[in-house]
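Protein sequence lines, in the order shown, are assigned to chains C and U. Every letter in the first sequence is one number past the one before it in my numbering, and letter 75, counting from 1, is 75. To convert, take the position in the second sequence, counting from 1, and add 485; that gives my numbering.
Possibly wrong hints are sitting among the right ones.
[Said to hold, decoys possible] Label-pair distances were calculated between CB atoms; the ranges are:
#, chain 1, residue 1, chain 2, residue 2, range
1, C, ALA236, U, ASN563, 21 to 29 Å
2, C, ARG255, U, VAL533, 34 to 42 Å
3, U, GLY572, C, LEU339, 17 to 25 Å
4, C, ALA368, U, ARG575, 27 to 35 Å
5, C, LYS264, U, ALA562, 52 to 60 Å
6, C, ASP48, U, ASN563, 18 to 26 Å
7, U, ALA494, C, ALA416, 24 to 32 Å
No lab work stands behind these hints: they were computed from the structure. Every value quoted in this text rests on a predicted model; they were computed, and no experiment measured them. We put the beta carbon where it would ideally sit given N, CA and C, even for glycine.
In case you want the letters, here they are:
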Amino acid sequence: MNHPATLRAIRDAVRSRARSVGDVCREALERLDAVEPALHAFNTVTRDQALARAERLDRDLGQWRDRPLVGVPIALKDNLCTQGIRTTASSRILETFVPPYDATAVARLEAAGAVVIGKTNCDEFAMGSSNENSAYGPVRNPWNLEAAPGGSSGGSAAAVAAQCVPLALGSDTGGSIRQPASFCGVVGLKPTYGRVSRYGLLAFASSLDQIGPFGRTVADTALALTAIAGHDPADATSSSSGVPDYASSLTGDVRGVRVGVPRKFVSEGVDDRVRTAFDAALVTLRDQGATIIDIDLPHARFAIPVYYLVATAEASSNLARYDGVKYGYRSPAAKDGSLRVMYNRTRDEGFGAEVKRRIMLGTYVLSAGYYDAFYLKAQQVRTLLRRDYDQAFESVDVVAMPTSPIPPFRLGEKTADPLQMYLADVFTVSVNLAGLPGISIPCGNADGLPIGFQLIGRMFDEASILRVADSYERATEWHKAVPPL
Amino acid sequence: MFSRAEVEAIASLANLELDANEIAMFARQLGEILAYADEVQQVDTRSVPPTASVLAPFPSDRPDEVRPSLARDVALANAPDPAAGAGLFRVPRVIG
Numbered sequence: 001m002n003h004p005a006t007l008r009a010i011r012d013a014v015r016s017r018a019r020s021v022g023d024v025c026r027e028a029l030e031r032l033d034a035v036e037p038a039l040h041a042f043n044t045v046t047r048d049q050a051l052a053r054a055e056r057l058d059r060d061l062g063q064w065r066d067r068p069l070v071g072v073p074i075a076l077k078d079n080l081c082t083q084g085i086r087t088t089a090s091s092r093i094l095e096t097f098v099p100p101y102d103a104t105a106v107a108r109l110e111a112a113g114a115v116v117i118g119k120t121n122c123d124e125f126a127m128g129s130s131n132e133n134s135a136y137g138p139v140r141n142p143w144n145l146e147a148a149p150g151g152s153s154g155g156s157a158a159a160v161a162a163q164c165v166p167l168a169l170g171s172d173t174g175g176s177i178r179q180p181a182s183f184c185g186v187v188g189l190k191p192t193y194g195r196v197s198r199y200g201l202l203a204f205a206s207s208l209d210q211i212g213p214f215g216r217t218v219a220d221t222a223l224a225l226t227a228i229a230g231h232d233p234a235d236a237t238s239s240s241s242g243v244p245d246y247a248s249s250l251t252g253d254v255r256g257v258r259v260g261v262p263r264k265f266v267s268e269g270v271d272d273r274v275r276t277a278f279d280a281a282l283v284t285l286r287d288q289g290a291t292i293i294d295i296d297l298p299h300a301r302f303a304i305p306v307y308y309l310v311a312t313a314e315a316s317s318n319l320a321r322y323d324g325v326k327y328g329y330r331s332p333a334a335k336d337g338s339l340r341v342m343y344n345r346t347r348d349e350g351f352g353a354e355v356k357r358r359i360m361l362g363t364y365v366l367s368a369g370y371y372d373a374f375y376l377k378a379q380q381v382r383t384l385l386r387r388d389y390d391q392a393f394e395s396v397d398v399v400a401m402p403t404s405p406i407p408p409f410r411l412g413e414k415t416a417d418p419l420q421m422y423l424a425d426v427f428t429v430s431v432n433l434a435g436l437p438g439i440s441i442p443c444g445n446a447d448g449l450p451i452g453f454q455l456i457g458r459m460f461d462e463a464s465i466l467r468v469a470d471s472y473e474r475a476t477e478w479h480k481a482v483p484p485l
Numbered sequence: 486m487f488s489r490a491e492v493e494a495i496a497s498l499a500n501l502e503l504d505a506n507e508i509a510m511f512a513r514q515l516g517e518i519l520a521y522a523d524e525v526q527q528v529d530t531r532s533v534p535p536t537a538s539v540l541a542p543f544p545s546d547r548p549d550e551v552r553p554s555l556a557r558d559v560a561l562a563n564a565p566d567p568a569a570g571a572g573l574f575r576v577p578r579v580i581g
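Work out the full structure: start from the sequences and follow the hints.
Here it is, written out as C-alpha cells:
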C-alpha cells in the first residue's frame, strides 16, 4: 500500500462498484495479518463475521450504497460491547465475556454500513497512558516497535496508523483517544460529554467517559462523528441537541477564528521538540488567517490531582459490579469459601495492578472522613476549572495545546512509577473534567515518532475544532506520513 | 506512606484480597499519589458548588415505562455458575 486510503475513498469506491465490500475487507484483514504479529493491536479478529457481512452488503448493495460508511472496515476498542463477540476490556476478569447486546455507537456504525473486523487491545478497563496495563500484553507503536502507542486506546490508534482500517472507535476518559492519536500520528476526536451515547461502553468514570473516532484525516473523523452522535434513550446523559453534518463545517476557512493559547500552562514541563512542533502549528494557523490570543486557565494546573481523585472514585464504584456472580471470571480457589472470600479472591485474581490501584485510591477518597477533603474538594476545583474555560471561551473560539507534553516514550520507561505516568496526561484531563470536545492532529515528528497538538472547543461545538483542524491539515503534510511497517 | 493496616482496611472496603507484595506496594504508592493530589487543598473553594454534572440542564428524563429487557437465559449466559433451570445466579452459601 503506497497511499493510505481514506474512509471516504473506500466508501466512494464501493458506491461506484469500483471495489466490492468483500475485496475491501479481505485487503484490510490481509494487512491486519501482516502487521499484527509486530503490533499486537487486536484482542479479537472477527474475520468470519466480517467476511459474511461483506458478502451480504455486496449482495444487497442497492439498499446500502447511500449509507455514509458503506463497506468501510472498522476496528472497535475492546471496551465497547459487541453482540456475540467477546468483549474483554483487556482484563482477565472479562476474558470470556460475550455481550448480549451492541453498544449504541457500534450499532450506529453498522447501520451506516461499516464492517467490524476486530476488537482492539487497550489498557485494562481503559486505565492507562501506554497500553502496558493490558492483561494480554502491550500494543506496540507502528512507528517504532520499542515505543508505547499511548493509551488507553492504543490498539485503535495503532490499527489506523498501520492502515489496517481507516476508522476505529476508542474511548476517552482523561485523554485515551487524543494521546494515542498523537503518539501514533493519526487524528483522534473526543466529543463533548453527552454528544455520543455511552450505552454499551464498559464504564470507567461515568462523568468523564466519552466514545470517539480515530481516522487518518479530519474529514474522516467528521463523517464518523456524524454517524455515531445523537440522543439515545438508553443513555440518560446523551444530549438531544441536534447533530449537524460535521463534514459540511470543513470549509478550509479559518480567517477571523480566535485561537486561545494558555501560555503559562503550556510553558512548563514540555519537551523542546513538542514545543517547537506546537509553536509551528500556531504559526500555520496564523498564516491561514486565525488570530492567536493568550489566555489564562489558572486552575488547569490542578487538573491532574482533580482528575485522579474524581476518576478513581467513580471507577471504584463502577468496577464493584465485577464480583464473579453475573458474568466474567470467578476464582476457582473460592469454591469452598464464603461469598465474601469468593468476591475478594475473584477481584484480586481478575484485576491487574493499575485497576486495583485505582479502585483502592477511589475507595479511600470516598470513605468516611476523607470524602470532603478529597472527593468533594476535587469536584469544587472542577467547577473552578470549568469556569476558567467558560471565561476563555468568551474571548476565543477554540483553545490550542500540545496533546502530550512529551513525544512517545519507550515501553517500560514509566511503568515503575504510576505518578510519573499520570503526569503525562497534564494537557488532556482538563478537557474531560469540563466536558468539552477535543481533537488531536499530527503536527510534527521527534526522531521518527509522531507529535500531535489538540484543539478544544465549546460544549457541543465540535464543528469549530473540526474546521480549524481540517484547515491546518490542508496546509500540512504530517497526516500523510506512513509508518515504516 | 500508608500503614499495612490502613491498606488492608481500604482493601476490605473495596472487596479485594491483596497479597503481601501488593499491600507493601500500595502502601507506598497510594501515599505518594495522595501527597501529590493534596495540592487541591491550596485552592480556595469557599462558596464554590461541586460539579455534579457538566450538562446543564440535565438532558433527558424519559417516561417511566415498562420496556423489553434481556431474556432470562440470555442474562444468565455469561454467569460463571448459573442455575439455569431455576433462572438464578448461584453463589457460595451465605446462610449456614
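So, going through the hints one by one against the coordinates:
1. The hint said 21 to 29 Å for the Cβ distance between ALA236 of chain C and ASN563 of chain U, and at roughly 25 Å that hint holds.
2. For the pair ARG255 of chain C and VAL533 of chain U, the supplied restraint of 34 to 42 Å holds, since their beta-carbon distance comes to about 38 Å.
3. Taking 17 to 25 Å as the suggested C-beta distance range, the pair GLY572 of chain U and LEU339 of chain C conforms, at roughly 20 Å.
4. The given range of 27 to 35 Å is respected by ALA368 of chain C and ARG575 of chain U, whose C-beta atoms sit roughly 33 Å from each other.
5. A hinted range of 52 to 60 Å for the beta carbons of LYS264 of chain C and ALA562 of chain U is consistent with their spacing of about 54 Å.
6. Between ASP48 of chain C and ASN563 of chain U the beta carbon distance is about 21 Å. The supplied range of 18 to 26 Å therefore holds.
7. Taking 24 to 32 Å as the suggested C-beta distance range, the pair ALA494 of chain U and ALA416 of chain C conforms, at roughly 26 Å.
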